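Participant: Sequence:
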Amino acid sequence: MLRPQLIAIVLGGALAIIAPSTAQPKFDHDYSTYAHILSQFLVDGRVDYSNLVDNRDRLDSVVEEFSTVSRLTFSAWSREERLAYWINVYNLYTLRTIVDHYPIQGSWLSLYPFNSIQQIDGVWDTITWKAGGRIVTLDEIEHDILRPTFGEPLLHFAINCAAVSCPPLRNEPYRADTIETQLTDSTREALAKTNWLRLDGDTLYLTAILDWFGEDFVSRFAHTISANRSERDRALLGLVATHGPSEIASLAHTGTPRIRFLKYDWTLNDTSGH
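Quick note: the sequence shown uses numbering that gives the first Met the number 0, first residue 0, plus one each step.
These are computed hints drawn from the structure, not numbers from a lab. Keep in mind it's a predicted model, so treat the numbers as computed, not measured. There may be inaccurate statements among the hints.
Stated by the list, open to error - Simulated restraints on C-beta separations:
1. 32 to 100: 19 to 29 Å
2. 180 to 54: 27 to 37 Å
3. 105 to 138: 15 to 25 Å
4. 99 to 180: 45 to 55 Å
5. 38 to 201: 33 to 43 Å
6. 184 to 264: 15 to 25 Å
7. 170 to 194: 13 to 23 Å
8. 69 to 207: 36 to 46 Å
9. 245 to 143: 31 to 41 Å
10. 31 to 193: 45 to 55 Å
11. 200 to 66: 43 to 53 Å
12. 201 to 148: 32 to 42 Å
13. 199 to 71: 52 to 62 Å
14. 67 to 223: 39 to 49 Å
Beta carbons are placed, not taken as given, at the ideal position from N, Cα and C, and that holds for glycine.
All chains, full assembly: derive it from the sequences and hints.
Facilitator: Here you go:
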């Protein structure tokens with residue numbers, strides 16, 4: 000006759016075999032599937048949305064992969080893993096939003112341009128997504144998670160809102176082990192473009208993003224410029240002096256240029272001309 004302890008062990012093992020596993024699948028921090036989408040559907044920083052729509056099953060599979068991350072899984076990640084994840088989530092879900100409404104064709108009574116992400120009702124504050132074990136909007140990802148949690152100003156050069164004046168999408172995902180280098184590269188790449196930074200005489204024309212979020216750069220860059228300017232002006236000049244093209248960076252370092260902001264172009268970052 001079996002002892003009670005032995006019976007319990009045998010039954011416990013049998014139940015373990017029968018019961019479905021509750022373990023979370025290991026998350027791919029290399030973002031291999033997402034990387035394939037970026038490499039295939041990005042052309043010089045713009046998106047081939049028409050082709051992506053025809054292959055949306057691949058996009059949907061990545062959305063599913065990102066959305067199944069639980070709070071428990073997410074809580075065990077490092078700061079860099081979380082930062083990379085939220086940047087990739089923002090960019091991926093923006094792509095999915097465009098695909099869901101493509102081609103975007105606003106009415107004559109709507110805001111110009113007619114193919115802008117702005118034509119999608121509730122795009123930032125109503126349409127919800129699942130990520131990190133919670134339900135979020137794009138605005139919540141940017142303003143309630145990324146900006147206050149990580150205090151990383153260069154993320155403004157990483158998240159893409161599907162507009163021509165947004166920082167270009169990288170042709171690779173952000174990854175925890177390379178994210179500092181990637182953010183620096185993205186910043187320098189954006190500031191090398193004339194729709195982000197332009198010098199006219201003694202005036203620097205900067206992207207409107209730096210007008211909207213200039214305060215985010217104060218703690219990182221204001222101390223690098225000693226001129227008698229406002230904290231925000233010194234921060235923006237310090238950013239340009241640190242990451243801008245060499246000639247403009249040298250002038251910014253003097254602290255003397257005036258600062259003006261460029262008009263933001265909300266035209267969809269599309270390759271196909273819709």
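Participant: Take the hints in turn and mark each one as holding or not.
Facilitator: Verification of the supplied hints:
{"no.": "1", "hint": "32 to 100: 19 to 29 Å", "verdict": "holds (23 Å)"}
{"no.": "2", "hint": "180 to 54: 27 to 37 Å", "verdict": "holds (30 Å)"}
{"no.": "3", "hint": "105 to 138: 15 to 25 Å", "verdict": "holds (20 Å)"}
{"no.": "4", "hint": "99 to 180: 45 to 55 Å", "verdict": "violated (33 Å)"}
{"no.": "5", "hint": "38 to 201: 33 to 43 Å", "verdict": "holds (42 Å)"}
{"no.": "6", "hint": "184 to 264: 15 to 25 Å", "verdict": "holds (23 Å)"}
{"no.": "7", "hint": "170 to 194: 13 to 23 Å", "verdict": "holds (19 Å)"}
{"no.": "8", "hint": "69 to 207: 36 to 46 Å", "verdict": "holds (37 Å)"}
{"no.": "9", "hint": "245 to 143: 31 to 41 Å", "verdict": "holds (37 Å)"}
{"no.": "10", "hint": "31 to 193: 45 to 55 Å", "verdict": "violated (34 Å)"}
{"no.": "11", "hint": "200 to 66: 43 to 53 Å", "verdict": "holds (50 Å)"}
{"no.": "12", "hint": "201 to 148: 32 to 42 Å", "verdict": "holds (38 Å)"}
{"no.": "13", "hint": "199 to 71: 52 to 62 Å", "verdict": "holds (53 Å)"}
{"no.": "14", "hint": "67 to 223: 39 to 49 Å", "verdict": "holds (42 Å)"}
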